[in-house]
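Student: Take a look at the letters that make up each chain.
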Amino acid sequence: MDNAATTRVSEAASETALKIMREDYGNPSSKHIKGFEAEQYIKKSAEIIANTLKCQPKEIIFTSGGTESNNMALCGAALAMKRSGNKIISSCFEHASVYSPLISLKDFDFNVEFAPVDEMGHIKLDGLLNMIDDQTTLVSIMYVNNEVGAVQNIAEISKAVKAKKSDIVFHVDAIQAYGKYRINPKKEGIDLLSVSGHKIHAPKGSGFLYADEKIKLRPLIYGGGQQKNRRSGTENVPAIAGLGEASREAYEDFDQKIVHIYSLKKHFSERIHEVQGTHLNAIPKTINGNSCDLDINATAPHIVSVSFDKIKAEVLLHALEEKGVYVSSGSACSSNHPGISSTLQAIGVKKELLDSTLRFSFSRYTTMDEIDYCIDVLKELVPIYSKYTRK
Amino acid sequence: MKYKAFLIKYAEIGIKGKNRYVFEDALCDRVAEKLAKVADGFEVVREQGRLKVNCPDVYDYDEAIEQMKKVFGVYEICPAYVIEDASWDSLTKGVGEYVGERYGNTPHTFKVEARRSDKSYPITSPQICADMGEYILNNFSEFKVDVHNPEILLYVEIRNYAYVYSDKVKGLGGMPVGANGHAMLLLSGGIDSPVAGYMVSKRGVTIDAVYFHAPPYTSERAKQKVVDLAKLISVYTGPIKLHVVNFTDIQLAIIDKCPRDELTIIMRRYMMRIAEHFAYEKKCQALITGESIGQVASQTPQSLIATNAVCTLPVYRPLIAFDKQDIVDIAEKINTYETSIQPYEDCCTIFVAKHPVTKPYLNIIERSEKKLTGTIEALVEKAINETEIIEVSE
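Protein sequences, first through last, are from chains Y and V.
So the first sequence is numbered by my numbering: it starts at 6 and just counts up by one.
So the second sequence is numbered by my numbering: it starts at 901 and just counts up by one.
Note that these hints are calculated values from the structure, not bench results.
Among the hints, a few may not be true.
BS3-like mimics (lysine-lysine), calculated; alpha carbons at most 27 Å apart, straight line [what the hints assert, rightly or not]: (1) V/K1157 x Y/K392; (2) V/K969 x V/K1224; (3) V/K1282 x Y/K392; (4) Y/K315 x V/K1224; (5) V/K1271 x Y/K355; (6) V/K1254 x Y/K392; (7) V/K1131 x V/K1182; (8) V/K969 x V/K902; (9) Y/K392 x V/K1224; (10) Y/K328 x V/K1282; (11) Y/K315 x V/K902; (12) Y/K63 x Y/K233.
Derived DEER-like restraints, expressed as beta-carbon distance ranges [what the hints assert, rightly or not]: (13) V/E1238 x Y/R13: 30 to 38 Å; (14) Y/E357 x V/K970: 45 to 53 Å; (15) V/M901 x Y/E20: 55 to 63 Å; (16) V/E1120 x Y/V264: 21 to 29 Å; (17) V/P1243 x Y/R27: 39 to 47 Å; (18) Y/I108 x V/N1005: 54 to 62 Å; (19) V/E966 x Y/D374: 50 to 58 Å; (20) V/P1243 x Y/K328: 22 to 30 Å; (21) V/E1042 x Y/D114: 52 to 60 Å; (22) V/A1278 x Y/K384: 22 to 30 Å.
Computed, partial: chain Y to chain V, Cβ under 7 Å [to be verified]: (23) V320; (24) H323; (25) A324.
Ideal Cβ positions, reconstructed from N, Cα and C, are used throughout, including at glycine.
Construct all of the structure, not just a fragment, from the sequences and the given hints.
Tutor: Okay, here's the thing in structure tokens:
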């Protein structure tokens, strides 16, 4: 139930990666046949990915994962365009791998502003547009929020942003979206798009940045000039090939996979009301208070955020763990730093529930039985653990 | 320079009369254990009020010093140059070699201190000092004698062989672990308790530990943090048997039956009782806590009466009069601070009342505790029976 934190590597991806580690372990820069073979894996992977995004293979830069992709996009683009302007706009509930590089850019005389979101987790477009001035060079918006699963209408935001200032570079953190949505950067007006491998059943340490061929990026990593000087360092061929396999699988029988994951979320959202004192976050409610009426364009198929009355999230998390159910409090990446989730604050979750919110997230391997088991366990545990609280 | 030997000086254990061998043997063993990590072939022997370490041909000098600096009971470590043949000509030649290699002919003031435990040696100690001084002056033109404030104090000791040394590395002091009984440390994930364990161990006491965890209110990481802390202090204390007690049910029973503002005190009384159970089981003579007067509500003098009352063994509280900063300073020195401040909740803080009692009366606490009669006994027994014992060593 924690697939937004990470996923099991698929068989195809792990077999490919293992074969490369054990047999085809050449350095893609080597001139001999082993190097050539290794290079072919990278090429093939880039082609598969380009195919899923309807872009060119040369627009794919392989990275060590989502964090590096976001850093490369934001620092790389901001620094490359510094002569044209120094203002960057993002939203107020971005992941730390967007937020932190932006804050660090302030040290290099960049002016960073964060646009507000509503309680469904959607960017207030007027607020965003009002922030754009003639110094603005870069806008960064996340496709699917990692904590509550809110989805932005990226095409609409990009269109409005570029209508106001046409030369703005538009970056999208699609780490929770790639593999769950069909993304077409050219049509949606996306110039830079970050993706992480381990969220889509590829190995950890894999990821890529889509960068439109017209976009200039200042490299973050210098060295042997691999990947056309954009990212030096011997390519992580096993991870890259695994990522290619996983991307191919993600978009194979795509609709069927998404319908499955989405039905899990619907079922979970319906049954969660059987558990006392629960509140779904960032999911539009219908009149009778049940929230089975979900819109996939507004809320992601694999993430559900639930707040529990009178229970500390971490206690319930560990109690679930004893039953073999693994979930996150906040996002796993920021759970090491206790502090209140800025996403939950941004969407207006009540103060007393901020520390009582768990994220359940599914993958195509999750079954309906597992959802039922999870709900049953919650029904058993919540009454016990809401009884003992701090006074 | 290649040192073939170290002299290890100890301060306190020299005055222990007939028990002295107990301390010396323990120190020999602890030093030998540490040096075995550096290389094979170190030999640690007792020699007239000090230890002598004979070194193997090949070893890392810095690493050897570092290891010996972690042994309680070591007052000073002196890397020594050994001269096998103590006859005068051989002795002067050897001392000359040592001074040449160690300092070269560079400007220094010096003084020679000689000792002759081989009283049949034909020259007396004062005479050795004078003659050796003269020899050095003749051979090292840049050297000058200064008997009051010498830069180099050159020790020459004569037995059936001789050694010369001038460097002294300070050790930790204290007494060797194993020389002074056995105690059970109540180890939490905080800053204080590892320091308390370190300090008592420094007096030669062997240590085991008890940790109370409360799943699911405390996490696996909180437990690992305590294992890590035990591992860090085991560098000094030697191997620790860490008793991990599941305290959840006891804690919840106390919440159910007793006033919330007395929770922490009553919890601590049960912790002491369980710790004492394991202390007797391990034949310990004491418990150790990291308590310090007034640091938190459960450590006021009145609260300490209440927790102390359940113990029959003495409770060593080495930090009782320490300021927090002084405790932090030691924690930093022994490398536990960084681990201690990792932010995992421990079982003392999860249910703590906003305003816990700070001046509990023992009779009131005892009366509240009576409400647990009939439930708590089985829970305590279960907690004891299901305790996990983790052997921790560096």
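Student: Does each hint fit the structure? Answer for all of them.
Tutor: Each hint, compared with the structure:
no., hint, result
1, V/K1157 x Y/K392, "13 Å, holds"
2, V/K969 x V/K1224, "26 Å, holds"
3, V/K1282 x Y/K392, "23 Å, holds"
4, Y/K315 x V/K1224, "34 Å, violated"
5, V/K1271 x Y/K355, "38 Å, violated"
6, V/K1254 x Y/K392, "17 Å, holds"
7, V/K1131 x V/K1182, "19 Å, holds"
8, V/K969 x V/K902, "19 Å, holds"
9, Y/K392 x V/K1224, "35 Å, violated"
10, Y/K328 x V/K1282, "21 Å, holds"
11, Y/K315 x V/K902, "68 Å, violated"
12, Y/K63 x Y/K233, "9 Å, holds"
13, V/E1238 x Y/R13: 30 to 38 Å, "34 Å, holds"
14, Y/E357 x V/K970: 45 to 53 Å, "49 Å, holds"
15, V/M901 x Y/E20: 55 to 63 Å, "58 Å, holds"
16, V/E1120 x Y/V264: 21 to 29 Å, "36 Å, violated"
17, V/P1243 x Y/R27: 39 to 47 Å, "41 Å, holds"
18, Y/I108 x V/N1005: 54 to 62 Å, "59 Å, holds"
19, V/E966 x Y/D374: 50 to 58 Å, "57 Å, holds"
20, V/P1243 x Y/K328: 22 to 30 Å, "25 Å, holds"
21, V/E1042 x Y/D114: 52 to 60 Å, "58 Å, holds"
22, V/A1278 x Y/K384: 22 to 30 Å, "28 Å, holds"
23, V320, "5 Å, holds"
24, H323, "3 Å, holds"
25, A324, "4 Å, holds"
Violated hints, listed in ascending order, are 4, 5, 9, 11 and 16; each of the other numbered hints is respected by the structure.
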